[in-house]
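Protein chains: 2
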Amino acid sequence: MENSKKGTQNGNSCTNGDPGAQSDSFKASDVIINLASSSKEKPDPNSLVFGATFTDHMLCIDWSKETGWQRPVIKPFQNLSLHPAVSALHYAIQLFEGLKAYRGEDGKIRLFRPKLNMERMHRSALRMTLPGFDKEELLQLILRLVEVDREWVPYSSSASLYIRPTFIGTEPTLGVRKPSHALLYVILSPVGPYFSSGSFNPVSLWAEPKYVRAWMGGTGDCKVGGNYGPTIFAQYEAMEVGCQQVLWLYGEQEQITEVGTMNLFIYWKDENGEEELVTPPLDGIILPGVTRHSILDLARKWGEFKVSERHLTMKDLVAALNENRIREMFGAGTACVVCPVSRVSYRNKDLHVPTMENGPKMAKRFLQELTDIQYGRSPSDWMVEVPSP
Amino acid sequence: MENSKKGTQNGNSCTNGDPGAQSDSFKASDVIINLASSSKEKPDPNSLVFGATFTDHMLCIDWSKETGWQRPVIKPFQNLSLHPAVSALHYAIQLFEGLKAYRGEDGKIRLFRPKLNMERMHRSALRMTLPGFDKEELLQLILRLVEVDREWVPYSSSASLYIRPTFIGTEPTLGVRKPSHALLYVILSPVGPYFSSGSFNPVSLWAEPKYVRAWMGGTGDCKVGGNYGPTIFAQYEAMEVGCQQVLWLYGEQEQITEVGTMNLFIYWKDENGEEELVTPPLDGIILPGVTRHSILDLARKWGEFKVSERHLTMKDLVAALNENRIREMFGAGTACVVCPVSRVSYRNKDLHVPTMENGPKMAKRFLQELTDIQYGRSPSDWMVEVPSP
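Protein chains in written order, with full-length UniProt numbering: chain A, 1 to 389; chain B, 1 to 389.
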């Protein structure tokens with residue numbers, strides 16, 4: 001047990017924002033913009049590795065308990081200078097978001113449902129005892145940052161600019177306590193097409209109850225760092241047994257929860273022979289993914305089959321496979337949109353999932369509709385346009 | 001889902017160690033020492049806030065997949081310069097240790113069972129897919145760092161120098177993958193007596209199943225950041241209902257697991273009337289604490305009563321309190337050694353725990369024996385001496 005009193009050092013020296021009056025939120029209109037003197041060379045969109053190349057600028061906003069939010073600063077992309085004791089590095093007081101900006105064929109740049117990311121980021125912040133902020137102001141700042149780096153949004157109808165808002169505790173003392181200093185920052189990374197060949201590459205999953213991603217009473221429904229690091233060990237064990245991703249199970253019933261870092265969907269005939277699209281419910285251990293949300297919204301708008309958020313178990317999956325009721329199984333996330341599953345390794349048996357044999361009709365339909373919206377081919381109020389300079 | 005390929009940028013610029021041949025471990029004999037030009041003023045040991053003041057120097061050791069471990073560097077305490085995408089800040093690829101150096105009445109400085117910390121740190125590293133290292137070499141480097149900052153070890157028989165080894169992933173790309181860069185660093189913080197009055201201040205606990213600290217299949221048995229940050233929210237809710245710490249429960253049986261950031265002990269008459277010291281077993285959700293280990297070792301050496309590592313539930317605790325079988329309940333950890341519990345708030349009822357009325361004889365005995373060893377009053381092979389310069 002450790003005492004928890006206020007620290008005296010500021011471990012956060014990311015921004016140059018002037019201290020101002022304590023504020024419940026930063027304001028987009030207060031932004032200070034320090035442009036880079038030159039622009040880095042832009043890579044070929046087809047050779048991009050996910051999250052390895054960053055743009056010329058970043059957004060930083062400092063907060064302290066004493067002075068509140070400081071003025072936001074857009075400045076040249078650079079290393080963070082952090083006190084070695086900051087709570088982000090010792091107690092994982094950290095969270096992030098992931099969304100993308102797309103360059104449409106009409107030349108306009110748009111973000112996909114960014115308000116859902118702002119909502120989730122705010123929820124994650126409160127869970128991690130980080131300060132609240134005005135979600136609309138943050139969105140305006142992100143739009144401004146993308147506008148500054150607009151030439152980094154790939155001229156491509158399959159690549160995009162990945163946006164990574166990050167929020168960390170910069171309390172520079174070792175007591176396990178609510179941080180008195182914090183830093184919100186946003187970095188941008190151009191990313192290539194997920195399926196480089198243009199056609200789906202299905203993945204194989206390792207269904208193993210030994211490792212558990214998230215649990216009731218934890219943080220599985222927030223996008224916090226501590227949900228991710230511990231999964232890598234299991235991911236490598238999955239690769240050792242010849243699978244590509246982990247199918248995360250939960251509890252004695254072996255509920256099917258997520259796959260890798262994606263939400264999971266099954267399109268099948270249910271126990272009563274009815275056509276159904278099903279995904280696990282947001283019961284506390286499932287990340288409320290924006291792609292998940294959008295797939296449910298689209299399917300419900302279509303109104304062609306039953307759409308359910310309900311618990312599924314390995315027993316349900318095995319029975320449905322044995323009875324040839326499974327049509328498609330796929331992951332859903334911002335990076336890939338949808339990712340078909342062709343095999344599940346479970347209790348030393350390989351279960352073939354006939355996703356690819358079935359098209360995959362449903363996965364392709366979601367991919368088409370969502371990318372049409374994202375690249376501006378189908379007008380949608382889900383998209384938020386980046387203002388022109 | 002995110003691709004995971006090798007990054008191209010090095011996000012870690014902490015040390016100045018020369019690149020060398022790839023190595024399975026750093027070597028203490030390779031250390032480079034850059035002394036600070038002046039020493040900061042040392043605070044009064046009685047006014048220290050835990051983990052808020054740091055010494056003049058730190059130890060940094062860089063690792064990369066390509067070049068292996070670099071030469072260790074002891075250098076002036078300074079901020080870390082980290083790439084904004086490092087996996088320590090996004091995916092909580094981070095772990096730490098906590099141990100102390102004590103100045104004995106004979107003037108010698110000693111560390112308490114540091115090899116147990118090195119063992120645990122190595123286990124945590126493998127779980128977080130960080131590279132292994134030679135534990136003895138790291139211990140020798142920590143001894144060297146303490147030697148350099150030896151004047152920071154308080155001249156006091158109740159204060160000490162807290163040692164915080166930290167190990168973070170510095171992979172500068174956003175794929176969720178095994179880090180290809182890492183940084184191991186050690187910082188030192190002089191800390192005051194835990195119970196400032198010299199006598200025990202008992203704590204009250206909030207026993208609430210709503211929040212869960214750790215779970216089977218997770219990382220509760222490793223000292224990783226992700227185990228700590230999420231507990232702060234529950235800690236503040238405990239304070240709102242008038243308690244000081246959380247009593248962490250697990251599962252439908254409401255197993256009693258830990259208290260705050262400490263291991264838990266109960267000294268009682270068991271269900272059969274036999275005198276027993278009991279603590280939850282290391283079944284995967286309990287941190288294997290060095291103080292926990294040492295209390296078990298001492299009690300077994302005494303051989304005066306039954307010593308058990310076994311599951312306990314809230315039902316067991318309530319029954320024992322109703323039957324007046326509980327003598328003492330206390331937390332155990334490096335910061336406080338032992339911390340008595342006087343009250344448990346459970347299902348809106350306050351359960352009085354008669355720890356203080358019973359001395360607490362057992363808690364005091366452990367405190368006395370352990371501090372006699374730590375401050376060199378009782379010779380013990382548990383202590384490792386810091387060599388004189």
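Hints are supplied without guarantee of correctness; some may be wrong.
Unchecked claim - Once the Cα atoms are required to be at most 30 Å apart in a straight line, the calculated DSS-like pairs of lysine-lysine come out as:
id: 1; chain 1: B; residue 1: Lys42; chain 2: A; residue 2: Lys178
id: 2; chain 1: A; residue 1: Lys40; chain 2: B; residue 2: Lys65
id: 3; chain 1: A; residue 1: Lys315; chain 2: B; residue 2: Lys210
id: 4; chain 1: B; residue 1: Lys65; chain 2: A; residue 2: Lys178
Hints were generated in silico from the structure; no laboratory data involved.
Hints, one by one, checked against the model:
1. Lys42/B to Lys178/A: 27 Å, holds
2. Lys40/A to Lys65/B: 26 Å, holds
3. Lys315/A to Lys210/B: 28 Å, holds
4. Lys65/B to Lys178/A: 35 Å, violated
Hint compliance for this structure: hint 4 is the single one not met.
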